[in-house]
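Once you've looked at the hints, dock chains B, C, D and E against the given chain A.
Chains as they are written, first to last, in numbering that gives the first Met the number 0: chain A, 0 to 253; chain B, 0 to 253; chain C, 0 to 253; chain D, 0 to 253; chain E, 0 to 253.
Read the hints as simulated data drawn from the structure, not as lab findings.
Since the structure is predicted, the reported quantities are computational estimates derived from the model, not experimental observations.
Take the hints with a grain of salt, since some may be wrong.
A pair holds if it fits inside one copy or across any two, identical chains being indistinguishable in the list.
[To be verified] DSSO-like, lysine-lysine: derived pairs with alpha carbons at most 30 Å apart:
{"#": "1", "residue 1": "Lys211", "residue 2": "Lys108"}
{"#": "2", "residue 1": "Lys101", "residue 2": "Lys207"}
{"#": "3", "residue 1": "Lys207", "residue 2": "Lys63"}
{"#": "4", "residue 1": "Lys79", "residue 2": "Lys100"}
{"#": "5", "residue 1": "Lys101", "residue 2": "Lys63"}
{"#": "6", "residue 1": "Lys108", "residue 2": "Lys79"}
{"#": "7", "residue 1": "Lys207", "residue 2": "Lys60"}
{"#": "8", "residue 1": "Lys60", "residue 2": "Lys211"}
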Amino acid sequence: MDLTSIIGIFFGIFCILLGQMMEGGNMGQLMQVTAAFIVFGGTAGAVILSFPMEDLLQSLKETKLVFLTGPVNYEAVIEKVMNYAQKARKEGVISLESDAKKEDDPLLKMGLEAVSDGADPTLVRDMLETFLSRMETQKNGAAKVWESFGGYAPTIGIIGAVLGLIQVMQNLSDPSKLGSGIAVAFVATVYGVGSANLIAIPMSSKIKLKAKQDFVAKEIMIEGIIAIQAGESPTLIERKLNAYLLDKKANAEK
Amino acid sequence: MDLTSIIGIFFGIFCILLGQMMEGGNMGQLMQVTAAFIVFGGTAGAVILSFPMEDLLQSLKETKLVFLTGPVNYEAVIEKVMNYAQKARKEGVISLESDAKKEDDPLLKMGLEAVSDGADPTLVRDMLETFLSRMETQKNGAAKVWESFGGYAPTIGIIGAVLGLIQVMQNLSDPSKLGSGIAVAFVATVYGVGSANLIAIPMSSKIKLKAKQDFVAKEIMIEGIIAIQAGESPTLIERKLNAYLLDKKANAEK
Amino acid sequence: MDLTSIIGIFFGIFCILLGQMMEGGNMGQLMQVTAAFIVFGGTAGAVILSFPMEDLLQSLKETKLVFLTGPVNYEAVIEKVMNYAQKARKEGVISLESDAKKEDDPLLKMGLEAVSDGADPTLVRDMLETFLSRMETQKNGAAKVWESFGGYAPTIGIIGAVLGLIQVMQNLSDPSKLGSGIAVAFVATVYGVGSANLIAIPMSSKIKLKAKQDFVAKEIMIEGIIAIQAGESPTLIERKLNAYLLDKKANAEK
Amino acid sequence: MDLTSIIGIFFGIFCILLGQMMEGGNMGQLMQVTAAFIVFGGTAGAVILSFPMEDLLQSLKETKLVFLTGPVNYEAVIEKVMNYAQKARKEGVISLESDAKKEDDPLLKMGLEAVSDGADPTLVRDMLETFLSRMETQKNGAAKVWESFGGYAPTIGIIGAVLGLIQVMQNLSDPSKLGSGIAVAFVATVYGVGSANLIAIPMSSKIKLKAKQDFVAKEIMIEGIIAIQAGESPTLIERKLNAYLLDKKANAEK
Amino acid sequence: MDLTSIIGIFFGIFCILLGQMMEGGNMGQLMQVTAAFIVFGGTAGAVILSFPMEDLLQSLKETKLVFLTGPVNYEAVIEKVMNYAQKARKEGVISLESDAKKEDDPLLKMGLEAVSDGADPTLVRDMLETFLSRMETQKNGAAKVWESFGGYAPTIGIIGAVLGLIQVMQNLSDPSKLGSGIAVAFVATVYGVGSANLIAIPMSSKIKLKAKQDFVAKEIMIEGIIAIQAGESPTLIERKLNAYLLDKKANAEK
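Pulled out of the complex, with its shape left as it was, chain A reads as follows (with noise of 0.2 Å):
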């Protein structure tokens, strides 16, 4: 579970209504649902135009992970891949195989088979490379997707509030209905900038961040699989991988 999300979406939320109500405002005015009609399919119709199918999906469950997902431990990726060293040393690189098979990250499991089967090390390198390379395509695809929700909400907004304004000066001869008209078209800005800054921008951001610490993750991965098959000594490889920490503690460990 990760925390900031879930402190960040409902906090941000929370203090902007907050501040709705001590203005003497109530839930009602921000409540529209022709500007909601607007704003969110209008930005629904563009982002889905923007992107494959493929893209959109991914982006789904890259949200519910933004979610459940908690930070990477990379001290436990690097005692996994120390254990795989060491049972290599001792009982050499064939008696991975049974590990490749229980292996749950994809990543790991393709290097383990490879390296068990005793393939070109220049052939696993490329393959465990070209396959971080799509997986990182592949995040950023869902990175995108709210991002480019976050750039058209604002600006669907904007046609919502030009479209309550036409209105608004059809009537402009009965003044009474002025002000609760533009206060309307209003809704339509708070939908599309509020929708953008509390939720697509910051979900696009935390996306990327998370994808990164994962990346990390797989290039001590990488590292760890190339230098097993290289027949490196465990010692060797974990000083080598314990270059990718920077907390003082896995640095003493050393």
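Okay, now just chains B, C, D and E, sitting in the frame of chain A:
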């Protein structure tokens, strides 16, 4: 046929028009020939000046493809390359000459020709990469045509709005004209922002993303052709190319 | 002559003026000497301060070329290089000395000279690439002059508008002056946004894209010269250079 | 202590408050609890959602350092490295083991340890560069937290303004409330634009630039350690490292 | 002396002031101490907080150079390098030691010293490139100071405008104060947008472009020094360096 393209373009516009109705407006308010002339004519002029003829024509072609072509099937690409690989293994690379003639894909055709001719491996790679990079330039050119439409339209919408306001200001003494005059001016804003955000920018994004999928497919072909020429075993080639596949089914098959 | 440049620049401005007429306005409303002084004078000052003299002059030169030169004919470039290749094959590279003197293109001239002199292959490639990269810098400089015009004009248009509004505010008590005063102020906005989006930014884009086509032609020349120097067979050179051609006719010929 | 950080943050805010006074305004007008809730609460929510906990904490740490640490003294870094170089020359690299234990800088410590252990030169360079690139990611993460604050605050300020205007519009019939109501709405704009431009964006810029100076210092260390391991003469190492110094004094000393 | 810098900065401001006069305004309307305090004081604070002292001082130095130094004369640079090349050819590289002492350019000085000392060629290239990259960082830092001024000023101009409007709103019941109050508020906008677009952004652009010309000159020096050290013939060196020249005269001379 690309489902997200077709749904996306209609859904966004539909929601906004629906919103307009729900607010008590009508379609007629949004139909302004003058505003259309200014915004779409001005934007068209800017786009035509911005690009060479070649890019403009390519962008029309790609726009059609955005709706007509579905997602790239990487498995099918790999299968096709594997067929060539197996044939080359059994009957020698010279046997690929007849396949080159029947092949539709220009990159694969060029590669098969060169391999069956016994061209130098470095030359083959250089040629294929030159061709791919030229294709990339061409597709990106097409995407940029729509991107620049999306950049010009909102600002030219502002010109339309300001021109409208100038007329409004001439009639300030006549309050009844004021409202409807401003309404006319606002329609130019809606045209500019709407055409940019509901059509042009999403179209540019979709063209770019479809091109990216294409490029991955082309990379698979290049990797495959080079491996075929190097005389690698079909099993090895398949393993190499499967690293481009991300979903579990494909990995399981491997 | 570049058709899209000539059509583009007139079509956009024509549509906007037509729209102005259709709204019941007239040309006179858009002719404001004061606004022109502020917007075009201010923008000119900003552009002149931004660039060295060399870039400013180059940008005038490129602006002329935007209208006068048509698209690059890659086939013709390849044909020219192939003529040199065949001559070198038959009569030796020394025979290219006389061609170097007649050659118009500075890059090709430099390359032919160096090859006929028997210069070191690495030196030839380095020299040609240095020269190409310097040309690239120069052309991009010219494109950036128009790009920065397109960046300054709208904001200096805002200065014009605000200066106009300051005068308007002085006469608030006189409502008859209000409307026409604001109209004057708006013209500065139209000048700023219009000159940027109908002329400056498209011009910058066209210069850049024409330069890109030029660079591909120059790359073909460099590839060709280096292959000639390496003594490669004309058939091989032609195959290499044809990889730069994308359209089917060219591929069919190969 | 960083003088420009301390002067900069107070000077900007002071000038703006002074201006407010000079216009006949007072501090009270700029103190609006409601606006603060909306702008700072909303922005805080967006920032918290955008980043992993790790980046948020790092950004607090770096913010402190912006004020507390002075400019990096490259001469001192070179001197320190030179001391190790001379010791290694005289007593052998093994003698650096005790220095590694006392060394504060984590990169230098890791390098000295590896060198005194007789680790492979390629491994040492890889480890140090991995560690540096990880540090870079971490520092940039901290800078991005402030940068995204600076991006969210002005737009959430617009939400605050629009929410305020909605209340104003409800009271249009009462002109006396109109003015002060709009004033309240404007304070949200000032909070958003002000906190972004006087604090958040400058802070992000300072963190990034201080990190860059740090990286140059780290590069000097890496170059030094690798030269020490390669057994280069102290004179040579000093010449190499002095190339990092730009000012005349340093060059004269050389 | 740089002609475009001097003309550019005066011409832009002159045209805008002239426009202000032509509209019937006067200089006094644009002189507002309060607005100046807010906009320039606030912007100064933001800029000071954003940069280390070193960059701020460097930017003052470069600003002076924007007006005082003319364009780089590449021919003269090549000639100077050629003189050293010829001397080295005749009297040996050791003879360059005395020239190194007299040489003003720090990069050329460092290179000549190293060459006359018989330093390792790889070391010489590394040192010169390290020094050049450090110079690049320093000059870009100076350009970024003005760039960030140009970024902050318009938004802090908005703060000034909004603070002004707050005062205006307090006096809504008194229409005579309304107009002049708004006028005061607008001056802050003019200060912000004007100082950014007429001075700061152009200055940043000019510093960057002058630095780029400088870098080309430095690259010529580095190429030359390395060729001198490699003992290449003066004719060859001249041909190599002439590839940096684009204009016909230079090419004809070659």
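What are the numbers of the hints the structure violates, in ascending order? none
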